[in-house]
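Assemble the complex: chain A is given as a structure, and chain B must be docked to it using the hints.
Number of protein chains: 2
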Amino acid sequence: MEKLNNDLFLRASKRLPVERTPIWIMRQAGRYLPEYQAVRAKADFLTMCKTPELAAEVTIQPVDILGVDAAIIFSDILVIPEAMGMPLEMHEGKGPIFHNPIRTESDANQLKKIDPTKELKYVLDAVRLTKKNLNGRVPLIGFSGSPWTLLTYMVEGRGSKNFSEVKKLIYNKPELAHSLLNKLSDTISDYLSAKIEAGCNAVQIFDTWGGILSQKDFLEFSLPYVQKIISQLKRNDEPVIFFAKGVHHNLDKMADIGADVLGLDWTMNLGEVRNKVGNRVALQGNLDPTVLYANKNYIEQEVISVLEAYGKGSGHIFNLGHGVLPDVDPENVKALVQFVKDESIIFHR
Amino acid sequence: MEKLNNDLFLRASKRLPVERTPIWIMRQAGRYLPEYQAVRAKADFLTMCKTPELAAEVTIQPVDILGVDAAIIFSDILVIPEAMGMPLEMHEGKGPIFHNPIRTESDANQLKKIDPTKELKYVLDAVRLTKKNLNGRVPLIGFSGSPWTLLTYMVEGRGSKNFSEVKKLIYNKPELAHSLLNKLSDTISDYLSAKIEAGCNAVQIFDTWGGILSQKDFLEFSLPYVQKIISQLKRNDEPVIFFAKGVHHNLDKMADIGADVLGLDWTMNLGEVRNKVGNRVALQGNLDPTVLYANKNYIEQEVISVLEAYGKGSGHIFNLGHGVLPDVDPENVKALVQFVKDESIIFHR
Numbered sequence: 078m079e080k081l082n083n084d085l086f087l088r089a090s091k092r093l094p095v096e097r098t099p100i101w102i103m104r105q106a107g108r109y110l111p112e113y114q115a116v117r118a119k120a121d122f123l124t125m126c127k128t129p130e131l132a133a134e135v136t137i138q139p140v141d142i143l144g145v146d147a148a149i150i151f152s153d154i155l156v157i158p159e160a161m162g163m164p165l166e167m168h169e170g171k172g173p174i175f176h177n178p179i180r181t182e183s184d185a186n187q188l189k190k191i192d193p194t195k196e197l198k199y200v201l202d203a204v205r206l207t208k209k210n211l212n213g214r215v216p217l218i219g220f221s222g223s224p225w226t227l228l229t230y231m232v233e234g235r236g237s238k239n240f241s242e243v244k245k246l247i248y249n250k251p252e253l254a255h256s257l258l259n260k261l262s263d264t265i266s267d268y269l270s271a272k273i274e275a276g277c278n279a280v281q282i283f284d285t286w287g288g289i290l291s292q293k294d295f296l297e298f299s300l301p302y303v304q305k306i307i308s309q310l311k312r313n314d315e316p317v318i319f320f321a322k323g324v325h326h327n328l329d330k331m332a333d334i335g336a337d338v339l340g341l342d343w344t345m346n347l348g349e350v351r352n353k354v355g356n357r358v359a360l361q362g363n364l365d366p367t368v369l370y371a372n373k374n375y376i377e378q379e380v381i382s383v384l385e386a387y388g389k390g391s392g393h394i395f396n397l398g399h400g401v402l403p404d405v406d407p408e409n410v411k412a413l414v415q416f417v418k419d420e421s422i423i424f425h426r
Numbered sequence: 078m079e080k081l082n083n084d085l086f087l088r089a090s091k092r093l094p095v096e097r098t099p100i101w102i103m104r105q106a107g108r109y110l111p112e113y114q115a116v117r118a119k120a121d122f123l124t125m126c127k128t129p130e131l132a133a134e135v136t137i138q139p140v141d142i143l144g145v146d147a148a149i150i151f152s153d154i155l156v157i158p159e160a161m162g163m164p165l166e167m168h169e170g171k172g173p174i175f176h177n178p179i180r181t182e183s184d185a186n187q188l189k190k191i192d193p194t195k196e197l198k199y200v201l202d203a204v205r206l207t208k209k210n211l212n213g214r215v216p217l218i219g220f221s222g223s224p225w226t227l228l229t230y231m232v233e234g235r236g237s238k239n240f241s242e243v244k245k246l247i248y249n250k251p252e253l254a255h256s257l258l259n260k261l262s263d264t265i266s267d268y269l270s271a272k273i274e275a276g277c278n279a280v281q282i283f284d285t286w287g288g289i290l291s292q293k294d295f296l297e298f299s300l301p302y303v304q305k306i307i308s309q310l311k312r313n314d315e316p317v318i319f320f321a322k323g324v325h326h327n328l329d330k331m332a333d334i335g336a337d338v339l340g341l342d343w344t345m346n347l348g349e350v351r352n353k354v355g356n357r358v359a360l361q362g363n364l365d366p367t368v369l370y371a372n373k374n375y376i377e378q379e380v381i382s383v384l385e386a387y388g389k390g391s392g393h394i395f396n397l398g399h400g401v402l403p404d405v406d407p408e409n410v411k412a413l414v415q416f417v418k419d420e421s422i423i424f425h426r
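Chains as they are written, first to last, in the numbering used here: chain A, 78 to 426; chain B, 78 to 426.
Because the hints were derived from the structure by calculation, they are not lab data. Remember, it's a predicted structure, so these values are computed and weren't measured experimentally. Heads up, some of the hints might be wrong.
For chains that are exact copies, the list does not tell them apart, and a pair is met inside one copy or across any two.
To be verified - Here are the simulated EDC-like pairs of lysine to aspartate or glutamate, each with C-alpha atoms no more than 20 angstroms apart in a straight line:
| no. | residue 1 | residue 2 |
| --- | --- | --- |
| 1 | K198 | E377 |
| 2 | K245 | E377 |
| 3 | K250 | E349 |
| 4 | K260 | E159 |
| 5 | K238 | D406 |
| 6 | K250 | D406 |
| 7 | K127 | E385 |
Okay, chain A solo, but in the shape it has when bound:
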């Protein structure tokens, strides 16, 4: 097995002893960093995703600049539907647009079956190049959207307030919804397996829109497909993180799908969740991303609150409760990382 200089993140994922709590930050390779903006000035968002040199460069930036304990490959969850034949328009700030969303069986039939090692080879090339350039400094995380979250984007086509179209699909054409979710699950497990094969040390599944579902619908249309992906994944002991934003319920069931880590948003209480399921999974999170708008003293106090909420011992990966916002001061993000490094030591004595 590969020798990593810093494997805190991997050990915490397996609830093995660590010297301090590891930290990485969702969307850490992003617009808040001037160094990212400099690369972005040369190429649009999708070109960056598709150019391994650029993707690798921005992936490694937060390791150099912030000192985080893991890198996450720069990409987007919507590269899968794009590869399946849905032209994707990316508006940073305004969100993605699919001009031909999926609404009918005939729309669905036009989706291509893909082999991620071919149609998404550029992601795997970016993973390989990043691994080479990281040179064992920290683990590299690969990711995908969950089947439900990808379906939501594919059916809505654009940002949505009420998610009317995807709800119409699941209520009025449940067989079509399940058939699409099944296809997406197979594609995603191939994709994540290929990322691991290419060198990713862990993978995260983002269920960004799981929280728009009732409990019953989440258990029918989202969770079983994440479980299916994990069961089909080709991996050694690379940890799987499941992050279902806004899903505050069914933590017991989420802890039993084979994920090593549950990601929590900032409305959850880390200590309560640890009491419920912390003997089965590690937990990741969950500082409110907007706390980075505050001053450094306030950020430090909030870091301590999050660490105290989890409590002593391993099994906690520090992160924000959602992606870092594009207009925060990078100095505050650097300070956050340092606070976690300094303040977490006493929780592991």
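The following block gives chain B in isolation, referenced to the frame of chain A:
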């Protein structure tokens, strides 16, 4: 005390025996009704709010058309900041806009202290006219936004994805935030007291944006101010409903602020919440509003699921988990009301 022909809603609010579960629907006086559209064609949204005859007319429509067990006065939560001196632009569909949002102490100082019986007399006139025209058929509900939710709109100025501005305010100028929240609380309790005085049989406080806060921040910036309002309210035994969308935590504390009813969104499990706090408060909700996009058989099954989740006995007011959506078929809304009336009888034997 006033004699009402149908007081099911009031009895259920106090957990007194009822023959069947009462139902009303958030935003039941709204765009999905052609009869509402016909009135709306004659006047813009704010003119409708400010013209008692029009407000009374659309308030009573769902009682006539759907047969709901309560009316809710047609108005908007933002009439308070408008009366305090913030010019309000209403875009149905796009959401409200304040062109001069509150960001500084000097912005805040320009807010007028209002007497709701004067500056918001038009709402009270609408209440009086509605009561007269309803003629005791069903109770009338008055409402307000919570202090936190009003502050969010006043500070953001328009629809927001990350609520950056109001978060900056609470983290960086907490004293200013608390001072504004205190002022809003006093104004809201005067306003709701005046609505009760004018004839409202119950009031609902909407905390639409409570769910964007961490648990700690919700307990500091939202809940205490709702409690303050309720404690200051001049009422006999008119029930108070507190609906905090997206707030899945601290149910115990929410049950202890003096509200008679907690409103729940569609991600909550009615049965679990009843087990926790059902001996102290009635519960209102919580069908997913998008279920009204489904066919009638599906809607009926979901009605039964919600009724079963609450279980036998009084203390449940049927409602959606959020407002009815503008593009649902009114026939489905009528069917929903009838299903609740028919299917709920066996839960009260």
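Hints versus structure:
no.	hint	verdict
1	K198 to E377	neither (41 angstroms within a copy, 48 angstroms between copies)
2	K245 to E377	between (45 angstroms within a copy, 16 angstroms between copies)
3	K250 to E349	neither (38 angstroms within a copy, 30 angstroms between copies)
4	K260 to E159	within (15 angstroms within a copy, 51 angstroms between copies)
5	K238 to D406	between (29 angstroms within a copy, 19 angstroms between copies)
6	K250 to D406	between (46 angstroms within a copy, 18 angstroms between copies)
7	K127 to E385	neither (41 angstroms within a copy, 51 angstroms between copies)
Checked against the numbered hints given earlier, the structure breaks hints 1, 3, 7 and satisfies all the rest.
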